[in-house]
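**Q** Sequence:
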Amino acid sequence: MKLNFTKMHGCGNDYIYFNCFDQQITSPESLSVYLSDRHFGIGGDGVVLICPSKVADAKMRMFNLDGSEGKMCGNAIRCVAKYLYDNGMVKKDEISIETLSGIKKLKLYFQNGKVSTATVDMGPALLKPTEIPVKLDGDNVISRLVNIGGKDYNITCVSMGNPHCVVFMEHLDNLNINEIGPLFEYDPIFPERVNTEFVTVVNRTTLKMRVWERGSGETWACGTGACAAAVAAVLNGHCPENEEITVRLKGGNLSIRYTKDTVFMTGNAVKVFEGTVEI
Numbered sequence: 004m005k006l007n008f009t010k011m012h013g014c015g016n017d018y019i020y021f022n023c024f025d026q027q028i029t030s031p032e033s034l035s036v037y038l039s040d041r042h043f044g045i046g047g048d049g050v051v052l053i054c055p056s057k058v059a060d061a062k063m064r065m066f067n068l069d070g071s072e073g074k075m076c077g078n079a080i081r082c083v084a085k086y087l088y089d090n091g092m093v094k095k096d097e098i099s100i101e102t103l104s105g106i107k108k109l110k111l112y113f114q115n116g117k118v119s120t121a122t123v124d125m126g127p128a129l130l131k132p133t134e135i136p137v138k139l140d141g142d143n144v145i146s147r148l149v150n151i152g153g154k155d156y157n158i159t160c161v162s163m164g165n166p167h168c169v170v171f172m173e174h175l176d177n178l179n180i181n182e183i184g185p186l187f188e189y190d191p192i193f194p195e196r197v198n199t200e201f202v203t204v205v206n207r208t209t210l211k212m213r214v215w216e217r218g219s220g221e222t223w224a225c226g227t228g229a230c231a232a233a234v235a236a237v238l239n240g241h242c243p244e245n246e247e248i249t250v251r252l253k254g255g256n257l258s259i260r261y262t263k264d265t266v267f268m269t270g271n272a273v274k275v276f277e278g279t280v281e282i
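Residue numbers (this note's numbering): 4 to 282.
The hints are simulated quantities; they were obtained by calculation from the structure and are not laboratory data. Just so you know, these numbers come straight off a predicted model, no measurement behind them. Don't take each hint at face value.
To be verified - Heads up, simulated BS3-like pairs for lysine-lysine below, C-alpha to C-alpha not over 30 Å straight-line:
1. K138 <-> K263
2. K131 <-> K211
3. K274 <-> K62
4. K108 <-> K62
5. K95 <-> K263
6. K10 <-> K253
7. K274 <-> K57
8. K94 <-> K131
9. K110 <-> K95
10. K10 <-> K95
11. K274 <-> K74
12. K138 <-> K274
13. K138 <-> K5
14. K95 <-> K131
As the list claims (entries may be wrong) - Cβ pair distances, simulated, as ranges:
15. Q27 <-> D124: 26 to 36 Å
16. K131 <-> E72: 17 to 27 Å
17. P194 <-> P127: 13 to 23 Å
18. N245 <-> D96: 15 to 25 Å
19. N245 <-> K131: 29 to 39 Å
20. E32 <-> T279: 18 to 28 Å
Note that the Cβ used here is the ideal one computed from N, Cα and C, for glycine as well.
Work the whole structure out from these sequences, hints included.
**A** Rendered as structure tokens:
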């Protein structure tokens, strides 16, 4: 079986995209594990399916490196919007995309007739422990002291369609994220596992972040994670509400604005190459 794909990235968060309007993809879970391998496959952080939708312009399905399906991916959804517009499937500068965490609306920006960046209305940040989910009491988890892997951390938990745990710390470059990340991901207080953001506050409108994504490990960028980091920074008094916050990631920068009602994320969307893979 031959499948046509497009390799795309947002801030270095790279996925293998399949247009499911004109081809059928079976077993995307195993396909993601097989094709995402950077030595024996195409290489990527996972697989994204661009599918028809009855309630939006298109539907996005995203699969992690381990084959698990993610409810939302902020970097991938911008690339889906770029694919739809650049390939003439949706010719308007405002696009709606269905995800497992609801319908997301995007505003597109262009360079030489192609989509270069997009702003995503990510929806409200959920703070109740049962909505995240995290097994802690109270109305929220903001700078809560917990013990993970035998060490104490102050954590702030946010759901942006998937669960996030934000930890503020210094010296990110020296962080052994491959050791610490799994301790957070599989800790019993997170019944659905968790994405963990390790964040340094540079100034009142700039954050630096490394991220451990459940099912994928450390990635060069995470859109929902950058949103969670900005929300946590506002809630902890580090950054102002309703102002642009730059989140610096390994693969580039994202701009986040957190209001009481929603979170806006702006970042690039880049096509790397097209190809055909034989399965």
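**Q** None of the hints should be skipped; say for each whether it holds.
**A** Results of checking the hints against the structure:
A threshold of 30 Å between alpha carbons decides the hint, and for K138 with K263 the separation of about 24 Å falls inside it, so the pair holds. Under the criterion of a C-alpha separation no larger than 30 Å, the hint pairing K131 with K211 is consistent with the structure, at around 25 Å. At most 30 Å may separate the alpha-carbon atoms for a hinted pair to count; K274 and K62 meet this at roughly 19 Å. Annotation: proposed proximity of K108 to K62 holds, straight-line Cα distance about 12 Å (limit 30 Å).
Pair hint K95 plus K263 holds up; C-alpha atoms about 28 Å apart against a cutoff of 30 Å. With a CA separation close to 19 Å, the supplied pair K10 and K253 stays within the 30 Å bound. For the hint pairing K274 with K57, the CA-to-CA distance comes to about 26 Å; that is within 30 Å, so the pair holds. Taken as a hint, the K94 and K131 pair is broken in the structure, with Cα atoms around 38 Å apart against an allowance of 30 Å.
This hinted pair checks out: K110 and K95 have alpha carbons roughly 9 Å apart, not beyond 30 Å. For the hint pairing K10 with K95, the CA-to-CA distance comes to about 23 Å; that is within 30 Å, so the pair holds. For the hint pairing K274 with K74, the CA-to-CA distance comes to about 23 Å; that is within 30 Å, so the pair holds. With a C-alpha separation of about 40 Å, the suggested pair K138 and K274 falls outside the 30 Å cut-off, and the hint is violated.
Of the pairs offered as hints, the one joining K138 and K5 is violated, with about 45 Å between alpha carbons and a cut-off of 30 Å exceeded. Using a Cα cut-off of 30 Å, the hinted pair K95 and K131 is violated, with the two alpha carbons roughly 36 Å apart. A beta carbon spacing of about 31 Å between Q27 and D124 agrees with the range 26 to 36 Å that was offered as a hint. One distance hint, 17 to 27 Å for the beta-carbon pair K131 and E72, holds here, with the actual separation near 23 Å.
A C-beta distance of roughly 22 Å is found between P194 and P127, which places it inside the suggested range of 13 to 23 Å. A hinted range of 15 to 25 Å holds for the C-beta pair N245 and D96, which are about 24 Å apart. Between N245 and K131 the Cβ separation comes to about 22 Å, which falls outside the hinted range of 29 to 39 Å. Take E32 and T279: their Cβ atoms lie about 21 Å apart, and the range 18 to 28 Å holds.
In this structure, the hints that do not hold are numbers 8, 12, 13, 14, 19, in rising order.
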